[in-house]
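Asker: Note that the protein sequences, when read in sequence, are chains C and G.
In case it helps, full-length UniProt numbering puts the first sequence at residues 1 to 315.
In case it helps, full-length UniProt numbering puts the second sequence at residues 1 to 273.
Take these hints with a grain of salt, some might be off.
[Said to hold, decoys possible] Partial chain G-side listing against chain C, Cβ under 7 Å, derived:
| hint | residue |
| --- | --- |
| 1 | Ala114 |
| 2 | Thr127 |
| 3 | Ser131 |
| 4 | Ile133 |
| 5 | Val137 |
| 6 | Pro237 |
| 7 | Leu252 |
If you're looking for bench data, these hints aren't it; they were derived computationally from the structure.
Think of the CB as a built atom: it goes at the ideal place given N, C-alpha and C, for glycine as much as any other residue.
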Amino acid sequence: MFRLAAIRLLAAVPVLMVVSLVSFGLTLLVPGDMAAEMAGPSATAADLARIRGELGLDRPPLVRMASWYSGLLHGDLGRSVLLNQGVTEAILERLPVTLSLTCLALGLACLAGIPAGLVAAAKARRWPDQAAMGAALVGLSLPDFWLGLVLIWVLGVKLNLMPTGGYVALSADAVGWLRSITLPAGALALTQLGPIARMTRSAALEVADSDFIRTARAKGLTEPRVYARHVLSGALVPILTVVGIGFGLSLGGALVIEQVFSLPGVGRLVIGAVLRRDWPVIQGGLLLTALVFVMVNLIVDLLYLWVDPRLRSNA
Amino acid sequence: MIAVLTRRSFLTGLLLFGLIVVAAMLAGWIAPFDPVKNNYRYRLGAPNDIFLVGTDRFGRDVLSRMLYGARVSLRIGLAVAVLSGVAGALAGLAAGWWSRADPWLMRVMDGLMAFPGLLLAIALAATLGPSEITVVVALTVAYTPRTARVMRGAVLVARAQDYVEAARAVGARTGRLLRHHVLPACAAPLVVQQTYVFAIAILAEAVLSFVGVGPPPPQPTLGSIIADGRDAMVEAPWITLAPGVAIAMLVLGLNLLGDGLRDALDPRMRRML
């Protein structure tokens, strides 16, 4: 078990190397003068020189890369030119919003998607199956940011049930937090539950033929119990895989949906930085979101061992 | 195979996708108005029998903008599906066939896949500057790794088949083995995967246009019409609602086509239906 965890951890190293290379290399692709683009048309020569100094543009790319990496190893991703704040600090400050949105959305998607997939498998080819799979397919075909706008329009503007945007910190007011995050998480969950429901269904169908399921039926368990307990636990590995992938997708979706609901998360920060060409923030945002995703994948890998004891003996 | 392709869900997909493709191709003839011409007299007009889907804040006809916008969205989606298909197929083939290249290529792909695809595409599109080609390049980079993974898996399965071993035993060279025995076996999963990439690329293009790194205005795309309508959501919800429905139809259609193709091309899946 520990050996496998160590192997997984080592496998993440080359991935992180590629991630950091891409995050840094992005700035080398900028056509034209980065400093001039950031400073805007009204900048004076002194402004340009200052920005060049801050970004290290007056030094050759290899030197810039070396200093970026040495900063990285100390947890320092540079300073945001526009916020005049450390990038690491700016991102870590906003990460809880993005992560809570991502996790809540993914949790809702699992709560709805896994039972829907099990019901679809239990009633395969009959109407509950077709209804659940049809709904799952429509859900995953909807643009999530658009769904967010529609929910704001219907529930916020027309029915006046929900706030139309803005964020209340969990520590300040738990009910307000839940109200502010329900709509964005719901919009995201509706588009994410499709893959989870579909994977649950096909994995459950695969397991439903097994001998141990026949045994469970033979000893007199009711159908719902057979599915909730035995089929589900047999199908958990592929479900876990798709939930892990879903985390990455939800994270990407959360970054965008923050724009729609004006939530002060990493997405607002990084996409704002993209539009205003604040390179250190863009690099840091790419790096840290990828880091989060790599860590979640590690956790998923270890969860496999917990979920499926057969994998433990091979390790 | 015929049975799967004439099933109701596949035909529904064909209908949804085909309807929008035909409408977009005929945009030049059937669009009632110029999609980029401002007409302030009719700004934010509700849908009526002249402007079927209403007008936006510059008085432009939303239906005409959607028809031309669907063209751009389809063009970008198709280009990304084809380009990431070619790049992913080559990378996957190399990784699956030459075991020496495999760890290197796949580490690079894993690294690219660690980023949220949308964020990587947004950052790349912004870096390279706003244009339709930039969007295509950014989305191709973001979605090639998944295709490469699918292709690598298919190559690994194909190369272990007895008929490939037999062909090698009678002296077929690598080129012939790949062309006649391995590639044909990988075509089906590749085509299915790229149908989904087509759908994902259309959704992603809408996001890029929405956050402001898509093709520059006044060129409409389905995503940029939604972004335009956002500020007028309360007075003129049709500007936002209609293009979203069009995107959903397009993507749903492609997903249904992908599912149908998958079932038709992979007999093992038929049992699951």
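Asker: All hints, please: hold or fail.
Answerer: Do the hints match the structure? See the list:
1. Among the interface hints, the one on Ala114(G) holds; its C-beta lies about 4 Å from the nearest C-beta in chain C, closer than the 7 Å criterion.
2. Using the Cβ-Cβ criterion of 7 Å, the hint placing Thr127(G) at the interface with chain C is satisfied: the shortest such distance is roughly 5 Å.
3. Restraint check, Ser131(G) versus chain C: the minimum CB separation of about 11 Å is more than 7 Å; hint violated.
4. Because the closest C-beta pair between Ile133(G) and chain C is about 13 Å apart, greater than 7 Å, the hint is violated.
5. For Val137(G), the shortest C-beta to C-beta distance to chain C is roughly 10 Å, which exceeds 7 Å, and the interface hint is violated.
6. Given the 7 Å rule on beta carbons, the hint for Pro237(G) holds: about 6 Å separates it from the nearest Cβ of chain C.
7. With its C-beta approaching chain C no nearer than about 4 Å, Leu252(G) sits inside the 7 Å limit, and its interface hint holds.
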